[in-house]
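Chemist: Heads up: the sequence lines are chains A and B, in that order. Position 6 of the first sequence, counting from 1, maps to 43 under this note's numbering, and the rest follow consecutively. Position 240 of the second sequence, counting from 1, maps to 414 under this note's numbering, and the rest follow consecutively.
Take these hints with a grain of salt, some might be off.
[To be verified] To give a feel for the contact side, a few chain A residues facing chain B, derived at Cβ under 7 Å:
#: 1; residue: ASP50
#: 2; residue: GLY52
#: 3; residue: LEU56
#: 4; residue: THR134
#: 5; residue: TYR159
[Said to hold, decoys possible] Pairwise CB distance ranges, derived in the manner of DEER restraints:
#: 6; chain 1: B; residue 1: ALA676; chain 2: A; residue 2: ALA180; range: 56 to 66 Å
#: 7; chain 1: A; residue 1: GLU69; chain 2: B; residue 2: ASP431; range: 43 to 53 Å
#: 8; chain 1: B; residue 1: ASP486; chain 2: A; residue 2: GLY148; range: 52 to 62 Å
By construction, these hints were calculated from the structure, which means they are not laboratory data. Where a beta carbon is used, it is the ideal one built from N, C-alpha and C, also for glycine.
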Amino acid sequence: MSNPVTIIMIEDDEGHARLIERNIRRSGVNNEIVAFTNGTDAVKYLFGSDGTGLAHKGNALLILLDLNLPDMTGIDILRRVKENAYLKCAPVVVLTTTDDSQEIKRCYELGANVYITKPVNYESFANAIRQLGLFFSVIQVPAAAT
Amino acid sequence: MTPEATRRRAIGQILLLAAGFLVLVAISTASVLLVNKASEDSGRVVHTVEVENQINALLLDIRRAESAARGYLLTSGPEFLRDHEAAVATIPANVDKLAQLTSDNPRQVENIRKLRPTVELRLDQFAREMNFVRQAEPDSAVALVREAVAANSSNAIREIAATMRSEEDRLFALRTGNAHRSQQLSAWVTIAGSGLVIALAGISIFLVRRSASARDDAEALLRDNNLNLETTIDERTADLREANEEIQRFAYIVSHDLRSPLVNIMGFTSELEELRGDIFQRIASLARAQSSAPPAPDNATDSAEPVLEGADKQLSQDFTEALGFIKSSIAKMDRLITAILNLTREGRREFQPVQIDTRELIEAIVSTMAHQAAEAEATIHIEPLPDIVSDRLAMEQIFSNLIDNALKYLKPGVPGEIHVRGRTKLGFAIFEVSDNGRGIDPRDHQRIFDLFRRAGSQDKPGQGIGLAHVRALVRRLGGTMSVSSELNHGSTFTTTLPIRWAATNRNRES
Numbered sequence: 038m039s040n041p042v043t044i045i046m047i048e049d050d051e052g053h054a055r056l057i058e059r060n061i062r063r064s065g066v067n068n069e070i071v072a073f074t075n076g077t078d079a080v081k082y083l084f085g086s087d088g089t090g091l092a093h094k095g096n097a098l099l100i101l102l103d104l105n106l107p108d109m110t111g112i113d114i115l116r117r118v119k120e121n122a123y124l125k126c127a128p129v130v131v132l133t134t135t136d137d138s139q140e141i142k143r144c145y146e147l148g149a150n151v152y153i154t155k156p157v158n159y160e161s162f163a164n165a166i167r168q169l170g171l172f173f174s175v176i177q178v179p180a181a182a183t
Numbered sequence: 175m176t177p178e179a180t181r182r183r184a185i186g187q188i189l190l191l192a193a194g195f196l197v198l199v200a201i202s203t204a205s206v207l208l209v210n211k212a213s214e215d216s217g218r219v220v221h222t223v224e225v226e227n228q229i230n231a232l233l234l235d236i237r238r239a240e241s242a243a244r245g246y247l248l249t250s251g252p253e254f255l256r257d258h259e260a261a262v263a264t265i266p267a268n269v270d271k272l273a274q275l276t277s278d279n280p281r282q283v284e285n286i287r288k289l290r291p292t293v294e295l296r297l298d299q300f301a302r303e304m305n306f307v308r309q310a311e312p313d314s315a316v317a318l319v320r321e322a323v324a325a326n327s328s329n330a331i332r333e334i335a336a337t338m339r340s341e342e343d344r345l346f347a348l349r350t351g352n353a354h355r356s357q358q359l360s361a362w363v364t365i366a367g368s369g370l371v372i373a374l375a376g377i378s379i380f381l382v383r384r385s386a387s388a389r390d391d392a393e394a395l396l397r398d399n400n401l402n403l404e405t406t407i408d409e410r411t412a413d414l415r416e417a418n419e420e421i422q423r424f425a426y427i428v429s430h431d432l433r434s435p436l437v438n439i440m441g442f443t444s445e446l447e448e449l450r451g452d453i454f455q456r457i458a459s460l461a462r463a464q465s466s467a468p469p470a471p472d473n474a475t476d477s478a479e480p481v482l483e484g485a486d487k488q489l490s491q492d493f494t495e496a497l498g499f500i501k502s503s504i505a506k507m508d509r510l511i512t513a514i515l516n517l518t519r520e521g522r523r524e525f526q527p528v529q530i531d532t533r534e535l536i537e538a539i540v541s542t543m544a545h546q547a548a549e550a551e552a553t554i555h556i557e558p559l560p561d562i563v564s565d566r567l568a569m570e571q572i573f574s575n576l577i578d579n580a581l582k583y584l585k586p587g588v589p590g591e592i593h594v595r596g597r598t599k600l601g602f603a604i605f606e607v608s609d610n611g612r613g614i615d616p617r618d619h620q621r622i623f624d625l626f627r628r629a630g631s632q633d634k635p636g637q638g639i640g641l642a643h644v645r646a647l648v649r650r651l652g653g654t655m656s657v658s659s660e661l662n663h664g665s666t667f668t669t670t671l672p673i674r675w676a677a678t679n680r681n682r683e684s
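This is chain A alone, in the form it adopts within the complex (with noise of 0.2 Å):
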């Protein structure tokens, strides 16, 4: 990635933030990874201490998303990150266990940009993620709006 994306990691299992990220760094992405392990700090880091989002005016940000956290659903840190002015932009991908295929169709229709369930088994689970990895290294993350 050219400019220096942050990827946030929202993932409450400590055990499949540790093998996400471990793969994402197999497949060569070197970009700074900042985990939170509940929706509330996620959220509070989002959108800073105010709830506008303007602490991250002008950095590009990558979210990764599971959604099923202990505290709030994921559904609802989606709809608040699309509905921001700032951090609109922000690619979201959505990583989470739920093969519902309702569940599947609400995230894409509140914007969020890629889906992929969690498989069991790992080699296509690492593969998934290698393959995100890589997707991570082409895309173009725009700067949050100024």
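Dock chain B against the given chain A, drawing on the hints supplied.
Modeler: Relative to the frame of chain A, chain B by itself:
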């Protein structure tokens, strides 16, 4: 209100009406009879008066004759003679008429019988008087008049007439009384009858009003009950739906949450596997270094399995075996969780009743399984099947599962014979899928319908989901499912489904 009471009330009203009619008819008849009697009575009264008149007329004529005779005797004037003769001429006619009028009364007949000779005697005397006068013997005539007075013939006539009159007076009083009584009776009957009719009408009105109010009460009660019943049903339905949704949600969440740790277990097991490769490679290179064998170039052995000796080799094999068990267990668990997820998803699907050509549906299923059937050397016979109204996808899943099972559990080495039969009975279609396969032990007949349970030797792939799924579908379609089978003698799965299934409350999800 009990039906018995309703029936009694209806009969009571009919009886009341009948009684009212009877009373009216009785009053009419009595009135007609009494009016007839009254007119008869007045006729008799008139008759009595007539008789009295006749008696008076007779007496008057006799008197006229008498006084004219006397005038003639005194003056010998011819006008007296004419008057006398005219009077005499009417007397017998008057007597006859009187006799005729009184012929119904034996007493008056007796009186007439007495009257007649006296009248004749008097007439005879008149005739003789006249003769003497005409022959110019007035003395003889006067003597005759005296004799007549002495013989009292006129008095005798008057007495008889008086008797007759008193008799008629008696009759008059009697008949007037009768007529009066008849009229009074008629009045009373009319009054009593009218009173009775009014009373019956009153009772009728009372009964009708009472039954109308009872009916209104019953209607109100019925309406209330209906409302209550509907509310109760709605509540129960809502409860059931809620419970069902709760179960679905539970299964869904549990299976999801189970999946998450499974990803970790699988992931880190795979990581371990890689670590294992690294570890044993190092062990191998260390062992080689110790045995001071010529070291192989690092790059060459990187990807290949390191060459191990003795105990190290055993260790590596044990490690591989343990990881293999863990991974296969995880894979199995993943399949089960996926199955549960699919079942809950099926349970959420809404069924659409459509007209289904059952034979066409089964033929389509059979054609998709032609390859399997050929491999198993099985033939599938489809016999005439009744068409039904049901959910098409559910029907497809039911029969493809049953036929798939029939093909899967054939006896090895025996060509399969699979029959699909159908018939109807009392609004239900009964379908049978029978085979000549390996059969099911009767002890397992209930188990095979349970989730994740299988019977017989576990030599075929499967999760133990198919029949559980089929039975759940059949139940949702309002039907039942049973099996009859003996070990080594084939199985028959019987599915009973309603011919016309309509989505009911139970199956309608909010």
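Chemist: Look at each hint and say if it fits the structure.
Modeler: Hints and how they fare:
no.: 1; hint: ASP50; in the structure: holds, 6 Å
no.: 2; hint: GLY52; in the structure: holds, 3 Å
no.: 3; hint: LEU56; in the structure: holds, 4 Å
no.: 4; hint: THR134; in the structure: holds, 5 Å
no.: 5; hint: TYR159; in the structure: holds, 4 Å
no.: 6; hint: B:ALA676 to A:ALA180: 56 to 66 Å; in the structure: holds, 59 Å
no.: 7; hint: A:GLU69 to B:ASP431: 43 to 53 Å; in the structure: violated, 31 Å
no.: 8; hint: B:ASP486 to A:GLY148: 52 to 62 Å; in the structure: holds, 55 Å
Of the numbered hints listed earlier, the single one contradicted by the structure is hint 7.
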